[in-house]
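Chemist: Please model the entire structure based on the sequences and the hints provided.
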Amino acid sequence: MRNPRPESPVSSVSERLPAANAQAPLTQLFESLRPDLLRFAHWLARDRAIAEDIVQESLLRAWRSRDALKDPAATRPWLLTIVRREHARLYERKRLELVPLEEVVDTHAGPRPAEPDGDLFTLRHAIMKLPLDYREPLILQVLGGFSTEEIARELALSTTAVLTRLFRARNKLRVLCGMTAAPDVGDGGDAP
Amino acid sequence: MNCDEARLQIGGEPGASTPDLEDHLQGCPECARLRLEMRALDDRLRQALAQPPQLLRSRRPSPVMRQWALAASVLLAILAAGALWLLRPSATLAREVVAHVQHEPQSWLATQHIDTPGIAKALRGGGVELGITSDKIMYAQSCWFRGHYVPHLVIDTAHGPATVLVLRHEHVGSRVAFHEHGMSGVIVPAGAGSIAVLERGGGDSGNLDEVAQQMQQDVHWLPESH
Numbered sequence: 000m001r002n003p004r005p006e007s008p009v010s011s012v013s014e015r016l017p018a019a020n021a022q023a024p025l026t027q028l029f030e031s032l033r034p035d036l037l038r039f040a041h042w043l044a045r046d047r048a049i050a051e052d053i054v055q056e057s058l059l060r061a062w063r064s065r066d067a068l069k070d071p072a073a074t075r076p077w078l079l080t081i082v083r084r085e086h087a088r089l090y091e092r093k094r095l096e097l098v099p100l101e102e103v104v105d106t107h108a109g110p111r112p113a114e115p116d117g118d119l120f121t122l123r124h125a126i127m128k129l130p131l132d133y134r135e136p137l138i139l140q141v142l143g144g145f146s147t148e149e150i151a152r153e154l155a156l157s158t159t160a161v162l163t164r165l166f167r168a169r170n171k172l173r174v175l176c177g178m179t180a181a182p183d184v185g186d187g188g189d190a191p
Numbered sequence: 000m001n002c003d004e005a006r007l008q009i010g011g012e013p014g015a016s017t018p019d020l021e022d023h024l025q026g027c028p029e030c031a032r033l034r035l036e037m038r039a040l041d042d043r044l045r046q047a048l049a050q051p052p053q054l055l056r057s058r059r060p061s062p063v064m065r066q067w068a069l070a071a072s073v074l075l076a077i078l079a080a081g082a083l084w085l086l087r088p089s090a091t092l093a094r095e096v097v098a099h100v101q102h103e104p105q106s107w108l109a110t111q112h113i114d115t116p117g118i119a120k121a122l123r124g125g126g127v128e129l130g131i132t133s134d135k136i137m138y139a140q141s142c143w144f145r146g147h148y149v150p151h152l153v154i155d156t157a158h159g160p161a162t163v164l165v166l167r168h169e170h171v172g173s174r175v176a177f178h179e180h181g182m183s184g185v186i187v188p189a190g191a192g193s194i195a196v197l198e199r200g201g202g203d204s205g206n207l208d209e210v211a212q213q214m215q216q217d218v219h220w221l222p223e224s225h
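Residue numbers (numbering that gives the first Met the number 0), protein chains in the order written: chain A, 0 to 191; chain B, 0 to 225.
What the hints contain is simulated information worked out from the structure, not anything from laboratory work. Please read all numbers here as calculations on a predicted model, not as lab measurements. Positions of the beta carbon are idealized from the N, C-alpha and C atoms, including for glycine. Errors might be hidden in some of the hints.
[Said to hold, decoys possible] Partial list, derived from the structure: chain B residues whose beta carbon lies under 8 Å from chain A:
#: 1; residue: M0
#: 2; residue: D3
#: 3; residue: G11
#: 4; residue: L33
#: 5; residue: L40
#: 6; residue: D41
#: 7; residue: R43
#: 8; residue: L44
#: 9; residue: Q46
#: 10; residue: A47
#: 11; residue: L48
#: 12; residue: P51
#: 13; residue: K135
[Stated by the list, open to error] Taking CB as the label site, the calculated pair distances span:
#: 14; chain 1: A; residue 1: P24; chain 2: B; residue 2: L69; range: 54 to 64 Å
#: 15; chain 1: B; residue 1: D22; chain 2: A; residue 2: R60; range: 45 to 55 Å
#: 16; chain 1: A; residue 1: R88; chain 2: B; residue 2: A76; range: 45 to 55 Å
Modeler: Here it is in structure tokens:
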């Protein structure tokens, strides 16, 4: 079952780039997508400096492999996939130190003055608390706009396992936001 | 479709709709409510993810900060290396030699040759013998220097008086030249230790080296037990 394209806050390539720009040099196209990539990496890595490193390395890799990109319209998901893999590579290579979230989040701070909605502040905090196994497919789906099948391919999981992770991710967010948890579903072959 | 399957579908893809799911939701208010809640959650989720998590402090310094940190580290390393250079044993030794000679300004003014017993007295405890004639030595003392008695001599040369300290217990890897407090000098490796030669003023490095070479030949190092 294909997930209908969510109304991603990250606009698609075709929306972002005028038609004339579709023929623009690849470097410009990459650069125009850098903010999206950075936001995506930031949510994955939960650290701005690491996210910047990941994006930088990803763009270098993408540039070296630019011949593999046949369809410019597919640039964004292609780059997001590279970013995700670069994050996974870094995560495995460096075994990024596990720091209690309270050490990196200003837990005592309420919504910042620029934060109009305290609920969103709470929700962002809750997303950051999700384990990577749940956070990753959720970000791929909601922020990246990937379908369940695409996520399954990317994470080498069955579609049922991906759905299970997505269900649990949302269920955890419900709890973290003070709502009642829905009854859990079976593992579906997934045991993160 | 049962409730488990419906919840999995709703929680995994809140926006999705299939005939099976719609059939189930018509007869299951709980699952229908769950879908409403999940869709509302997804709306807020998209808003939340639209911004990077600004609430986080970086675990690592930013790349710019890292560059500054790297530059600061390099600077500190250079400063540390400089301090080590300045305080390296030979430089410190030279400074102490100069300081010692400064404390005996009268040594430069001696005009009478020291007799043999006087020279022997100065050499006592220094662990050396001298092969030069006493008529060239204008000043001879056994001085306490860095925990040992060392011969402190002033030798009459064609270019004026030259101070010599025979440093049995001080080692230098190679010739060290210095100019400090109005004195110029060299410290050269010699035998079991080293020899320091100083002149007042700018100094003639040729004369200093000549005296040092002569002293390297004239000083005979005695076994440690002496």
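Chemist: For the restraint on Q46/B, tell me whether the closest CB of chain A is nearer than 8 Å.
Modeler: Nearest chain A Cβ about 6 Å off; hint holds.
Chemist: Let's test the interface hint: is any C-beta of chain A closer than 8 Å to that of L33/B?
Modeler: With a minimum Cβ separation of about 6 Å from chain A (threshold 8 Å), the hint on L33/B holds.
Chemist: Lying within 45 to 55 Å: is that true of the beta-carbon distance D22/B to R60/A?
Modeler: For D22/B and R60/A the Cβ distance comes to about 46 Å; the hint holds.
Chemist: With chain A as the partner, please determine if P51/B meets the hint condition of a C-beta pair closer than 8 Å.
Modeler: holds (4 Å)
Chemist: Close enough to count: is the Cβ of M0/B nearer than 8 Å to one in chain A?
Modeler: Interface hint status for M0/B: violated (12 Å vs cutoff 8 Å).
Chemist: Next item in the hint list is D41/B. Is there a CB on chain A closer than 8 Å to its CB?
Modeler: Status holds, d = 7 Å.
Chemist: At a threshold of 8 Å, is the proposed contact between L44/B and chain A supported by beta-carbon distances?
Modeler: holds (5 Å)
Chemist: Verify the CB-CB distance for P24/A and L69/B against the hinted window 54 to 64 Å.
Modeler: Given range 54 to 64 Å: violated, Cβ gap about 32 Å.
Chemist: Would you say the C-beta atoms of R88/A and A76/B sit inside 45 to 55 Å of each other?
Modeler: For R88/A and A76/B the Cβ distance comes to about 32 Å; the hint is violated.
Chemist: Grab the minimum C-beta distance from A47/B to chain A and call the hint holds if it beats 8 Å, violated otherwise.
Modeler: holds (4 Å)
Chemist: Hint check: is the beta carbon of G11/B less than 8 Å from a beta carbon of chain A?
Modeler: holds (3 Å)
Chemist: Let me know if the C-beta of R43/B comes in closer than 8 Å to any C-beta of chain A, holds or violated.
Modeler: For R43/B, the interface hint holds, since the closest Cβ of chain A sits about 6 Å away, which is under 8 Å.
Of the hints listed earlier, those the structure fails to meet are numbers 1, 13, 14, 16, in rising order.
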